[in-house]
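Peer 1: Line order of the protein sequences matches chains A and B.
Using this note's numbering, read the first sequence as starting at 49 and increasing by one per residue.
Using this note's numbering, read the second sequence as starting at 49 and increasing by one per residue.
It is possible that part of the hints are untrue.
The list makes no distinction among identical chains, and a pair is therefore deemed to hold if it is satisfied within one copy or across any two copies.
[To be verified] With a straight-line Cα cutoff of 20 Å, these simulated SDA-like cross-link-like pairs (lysine to any residue) come out:
#	residue 1	residue 2
1	Lys105	Lys125
2	Lys104	Asn129
3	Lys104	Ala303
4	Lys125	Thr195
5	Lys125	Pro194
6	Lys104	Glu260
7	Lys97	Gln381
8	Lys125	Ser385
Simulated from the structure, these hints should not be mistaken for lab results.
Quick caveat, the model's predicted, so the values are computed rather than measured.
2 protein chains.
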Amino acid sequence: MATSHATRSRVRGQRGALAELGNWLAELLPPPRKVAIVTDRNVAPFCLKAAESALKKAGFATHALLIPPGEASKSLKILGNVWDRVLTAGAERGSVVVALGGGVVGDLAGLAAATLLRGLPFVQVPTSLVGQVDSAIGGKNGVNRPTGKNLVGTFHPPALVVIDPDLLATLPEREYRSGLAEVIKYGFLKAPELLDQLRAIGDYEALRSRPEVVDAIVTRCALIKAEIVERDLTESGERLLLNFGHTTGHAIEAADSFQSLLHGEAVGVGMIAAAFLGVDLGASDATLPAEVSELLERYGLPVATRFAPEELLPFVGRDKKKKAGKSRWIVVQRAGSACVVEDPPSESVLRAMQAVHQREEPSDSSPLRGERV
Amino acid sequence: MATSHATRSRVRGQRGALAELGNWLAELLPPPRKVAIVTDRNVAPFCLKAAESALKKAGFATHALLIPPGEASKSLKILGNVWDRVLTAGAERGSVVVALGGGVVGDLAGLAAATLLRGLPFVQVPTSLVGQVDSAIGGKNGVNRPTGKNLVGTFHPPALVVIDPDLLATLPEREYRSGLAEVIKYGFLKAPELLDQLRAIGDYEALRSRPEVVDAIVTRCALIKAEIVERDLTESGERLLLNFGHTTGHAIEAADSFQSLLHGEAVGVGMIAAAFLGVDLGASDATLPAEVSELLERYGLPVATRFAPEELLPFVGRDKKKKAGKSRWIVVQRAGSACVVEDPPSESVLRAMQAVHQREEPSDSSPLRGERV
Numbered sequence: 049m050a051t052s053h054a055t056r057s058r059v060r061g062q063r064g065a066l067a068e069l070g071n072w073l074a075e076l077l078p079p080p081r082k083v084a085i086v087t088d089r090n091v092a093p094f095c096l097k098a099a100e101s102a103l104k105k106a107g108f109a110t111h112a113l114l115i116p117p118g119e120a121s122k123s124l125k126i127l128g129n130v131w132d133r134v135l136t137a138g139a140e141r142g143s144v145v146v147a148l149g150g151g152v153v154g155d156l157a158g159l160a161a162a163t164l165l166r167g168l169p170f171v172q173v174p175t176s177l178v179g180q181v182d183s184a185i186g187g188k189n190g191v192n193r194p195t196g197k198n199l200v201g202t203f204h205p206p207a208l209v210v211i212d213p214d215l216l217a218t219l220p221e222r223e224y225r226s227g228l229a230e231v232i233k234y235g236f237l238k239a240p241e242l243l244d245q246l247r248a249i250g251d252y253e254a255l256r257s258r259p260e261v262v263d264a265i266v267t268r269c270a271l272i273k274a275e276i277v278e279r280d281l282t283e284s285g286e287r288l289l290l291n292f293g294h295t296t297g298h299a300i301e302a303a304d305s306f307q308s309l310l311h312g313e314a315v316g317v318g319m320i321a322a323a324f325l326g327v328d329l330g331a332s333d334a335t336l337p338a339e340v341s342e343l344l345e346r347y348g349l350p351v352a353t354r355f356a357p358e359e360l361l362p363f364v365g366r367d368k369k370k371k372a373g374k375s376r377w378i379v380v381q382r383a384g385s386a387c388v389v390e391d392p393p394s395e396s397v398l399r400a401m402q403a404v405h406q407r408e409e410p411s412d413s414s415p416l417r418g419e420r421v
Numbered sequence: 049m050a051t052s053h054a055t056r057s058r059v060r061g062q063r064g065a066l067a068e069l070g071n072w073l074a075e076l077l078p079p080p081r082k083v084a085i086v087t088d089r090n091v092a093p094f095c096l097k098a099a100e101s102a103l104k105k106a107g108f109a110t111h112a113l114l115i116p117p118g119e120a121s122k123s124l125k126i127l128g129n130v131w132d133r134v135l136t137a138g139a140e141r142g143s144v145v146v147a148l149g150g151g152v153v154g155d156l157a158g159l160a161a162a163t164l165l166r167g168l169p170f171v172q173v174p175t176s177l178v179g180q181v182d183s184a185i186g187g188k189n190g191v192n193r194p195t196g197k198n199l200v201g202t203f204h205p206p207a208l209v210v211i212d213p214d215l216l217a218t219l220p221e222r223e224y225r226s227g228l229a230e231v232i233k234y235g236f237l238k239a240p241e242l243l244d245q246l247r248a249i250g251d252y253e254a255l256r257s258r259p260e261v262v263d264a265i266v267t268r269c270a271l272i273k274a275e276i277v278e279r280d281l282t283e284s285g286e287r288l289l290l291n292f293g294h295t296t297g298h299a300i301e302a303a304d305s306f307q308s309l310l311h312g313e314a315v316g317v318g319m320i321a322a323a324f325l326g327v328d329l330g331a332s333d334a335t336l337p338a339e340v341s342e343l344l345e346r347y348g349l350p351v352a353t354r355f356a357p358e359e360l361l362p363f364v365g366r367d368k369k370k371k372a373g374k375s376r377w378i379v380v381q382r383a384g385s386a387c388v389v390e391d392p393p394s395e396s397v398l399r400a401m402q403a404v405h406q407r408e409e410p411s412d413s414s415p416l417r418g419e420r421v
C-alpha cells in the first residue's frame with residue numbers, strides 16, 4: 049500500500065501493518081525508549097494488545113492510557129490528564145507518544161506530544177476511516193473550546209503514520225459512512241475518478257464487501273493528503289483546499305455542541321452548502337450541489353441540517369480559516385478543481401446555509417435519502 | 049543596544065524601546081491586525097498604556113489581558129483563561145500575542161501563542177532582568193505540572209523581542225538580584241569578563257546606580273543567548289549549556305512547590321551544587337564552588353537551600369534534561385568553559401547536594417553572606 053515520504057512524516061501501510069509498528073518505529077527511533085500509547089475504550093479491546101506486543105517485541109517499553117471515547121475528550125481537562133499520566137509514567141526526552149484510535153485520540157494525543165517536554169516524537173495508528181484517509185496525516189492536532197472546534201492546537205507532524213486497513217473491520221457503520229464523506233471530499237477536490245468509482249460500486253454495503261477496493265481508495269486518499277501536506281504543512285496555501293465543506297461543517301458541529309454528529313456527517317452537509325455557495329457566486333457548475341448530495345445520499349450520509357443559518361453564522365465568524373476579519377470558503381468549480389474564496393457576500397452565505405437547512409416537511413421521502421440531522 | 053538577527057527572532061533594544069514597539073512590529077507584521085497584550089497586575093501600571101499607545105499609533109487594534117502575578121499563573125487553568133479570552137476578543141490567524149512582563153507572563157503567553165489557532169505570531173517585551181538577559185529570547189515557553197516545572201510547553205520563537213532597559217527602573221530589588229544569577233551564569237559559561245566586571249563594580253547598589261553598565265551587561269547576555277539559540281533552537285546541543293545550575297535549581301523550585309523562591313535564587317544555589325559536582329568528578333577547578341558562591345553572595349543571592357538531598361533527588365529524575373533514563377548536568381570546568389555530563393554517579397550528586405544544604409547552624413555569619421533559603 050501507500051509508502052510516501054512527506055517532509056517530516058513517513059506514511060506506511062498494508063493489511064496487517066499493526067504487527068510491524070515496532071519494527072517500523074525502531075527504524076526511525078531506535079529502542080530502548082518509552083512509548084506511551086494513547087487509545088480509547090472502544091478501540092483498546094480490538095488492537096491495544098497487538099500494538100503493545102509489536103512494540104515490546106522490537107524492544108520498546110510501553111505504557112497505555114485510555115481516554116473516554118468521543119469528541120468531548122478533546123478538552124483541557126482530558127489533555128491535562130494525559131500530560132500528567134505520561135509524565136508520571138516516567139516520560140523523558142525521546143519518549144514516544146503513539147495515538148491508537150480515531151480522530152479524537154489522534155488530535156488529543158498529538159497535542160499532548162507537541163507540548164510534553166517541549167515536544168515528543170509522535171506516531172499515528174489510525175483505526176477509523178477518517179483517520180486513515182485524512183486526519184492522521186498532516187500533523188494537525190487540537191482540542192475544542194467553548195468558542196469552537198480545534199481552536200487550540202499545533203502542527204506537530206507524526207514521525208510515522210501506520211495505516212492498517214484490517215483495523216477498519218470492526219469500525220461501526222455510522223463511523224465508516226462518516227469517513228466516506230472525506231473520501232468524497234478528495235474526489236471533488238483532486239480525484240474525480242474516486243467519485244466514478246464510488247458511483248460504480250453503488251453503495252455502502254457493496255463497498256464494504258470489497259476490501260481490495262477499500263485498500264485502493266484509502267491509499268489514494270492518504271497519498272493525496274501526504275502530498276498536499278508535504279507542499280504546505282502550515283496551511284498557508286494549497287492545504288486550505290482540504291477544508292472544503294469545513295466552514296459550514298465546523299459551524300454545524302459547534303451549534304450541535306459537538307454532541308450528536310460525527311465530523312464527516314457535518315462536513316458532508318458543509319460540502320453541499322459550499323457547492324450552493326459556489327453556484328450562487330457564479331463559480332461552480334449548476335449541477336454541483338446535486339452531484340455532491342447524490343453521492344452523500346448514496347452512501348447514507350445526511351444532506352441537510354436541523355440548524356438554521358442564524359444558528360450557524362455566529363460560529364462561521366470564529367472559524368480558524370478566518371483571516372484579517374474575512375471568512376474563507378473553499379469553492380469547487382467542478383470535480384477536480386477548487387479554489388479559496390475570501391469573504392463572500394453575506395447574502396450568498398445565507399442562501400447557501402438556507403439550502404441545507406432541513407425544512408419541517410422534507411420534500412423527498414425516497415428511501416435512498418440519507419438520514420437527516 | 050543589541051540588534052541580533054537570530055534564525056527566527058529579531059532582538060531589538062535601546063532605552064525607550066517600548067515607544068518603538070508598534071513601528072518595529074509593523075515592519076515584520078504590517079497592520080491592520082489584532083494584538084492581544086498579556087501582562088500582569090504588577091507590570092500593567094508601569095507600562096501597559098505606553099505599549100497600547102505605541103501599537104495603536106502604528107495601526108494595530110489592541111486588547112489587554114491581565115493575569116495574576118507569580119509562578120502559580122503558569123497553570124492549566126490560567127492557560128485556559130488566556131486561550132478563551134484571546135479567542136473571545138476575536139483573534140484570527142495573523143493576530144499577534146505580545147507578552148509584556150517577566151518570565152511568567154512570557155512563558156504563559158508564549159505557550160498560548162504557540163497553541164492558539166495552531167500558532168499565532170508572538171512578541172516578547174520583557175520587563176524583568178531575567179527576561180531581558182535570558183528567558184524572553186529563545187522561544188521556550190511552558191506551564192508547570194504537579195510533577196515539575198515547565199514540563200509542558202513548546203519551542204515557539206518570538207518574531208520580535210523588544211528590550212528596553214528603562215523598564216527595569218521599577219523592578220523590585222529581589223527580582224533584580226534574581227536576574228543577576230542568570231548574568232553570573234553567562235559569565236561562568238561563556239563570558240568570564242562579565243564576572244570581572246561584576247567583581248569590579250562591587251555590589252548590587254553600585255551596579256544599579258550605573259545604567260550604562262547595566263545596558264552593556266544586558267546587551268552582552270542577550271547576544272550570547274540569541275547566538276546560542278540561533279545555532280541550536282531545540283536544545284539538542286550547545287543550548288543545553290544554558291541549563292547550568294538548572295538541574296538542582298529546578299529540583300529546589302519543585303521541592304518548594306514554586307512558592308517562596310524566585311527562579312534565579314534557586315538557579316544560583318544550583319550553580320554552586322553543579323560546581324561542587326564538577327570538582328567531585330575531577331572536571332572542575334577546585335576553586336570553582338567558592339568563586340560561584342562569592343559572586344552570588346556579593347550580589348545578595350542565596351548560597352544554600354533548606355531542602356536536603358533526599359527532598360531534591362525525586363525531582364532531579366523528572367528534569368526535562370533527563371534522556372534515556374540518565375540525568376544530565378552542566379559542568380563548568382573553569383569560567384568560560386562548560387560541558388554536559390551524562391548521568392554522574394549518584395554518590396557524587398548526593399555530595400553536591402549536601403554541599404548546598406543549609407546546616408542548622410550556619411558556619412559563616414558574615415554580613416556579606418546572602419540570604420539563606
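Peer 1: All hints, please: hold or fail.
Peer 2: The hints, checked one at a time:
1. Lys105 x Lys125: Cα proximity of Lys105 and Lys125: none, with 33 Å in one copy and 40 Å across.
2. Lys104 x Asn129: neither (25 Å within a copy, 40 Å between copies)
3. Lys104 x Ala303: So Lys104 and Ala303 fail the 20 Å test inside a copy (44 Å) and across (35 Å) alike.
4. Lys125 x Thr195: Classified as both: same-chain Cα gap 16 Å, cross-chain 17 Å, threshold 20 Å.
5. Lys125 x Pro194: both (13 Å within a copy, 14 Å between copies)
6. Lys104 x Glu260: Classified as neither: same-chain Cα gap 30 Å, cross-chain 60 Å, threshold 20 Å.
7. Lys97 x Gln381: neither (47 Å within a copy, 49 Å between copies)
8. Lys125 x Ser385: So Lys125 and Ser385 fail the 20 Å test inside a copy (41 Å) and across (44 Å) alike.
Hints 1, 2, 3, 6, 7 and 8 from the list above are not met by this structure, while the remaining hints are.
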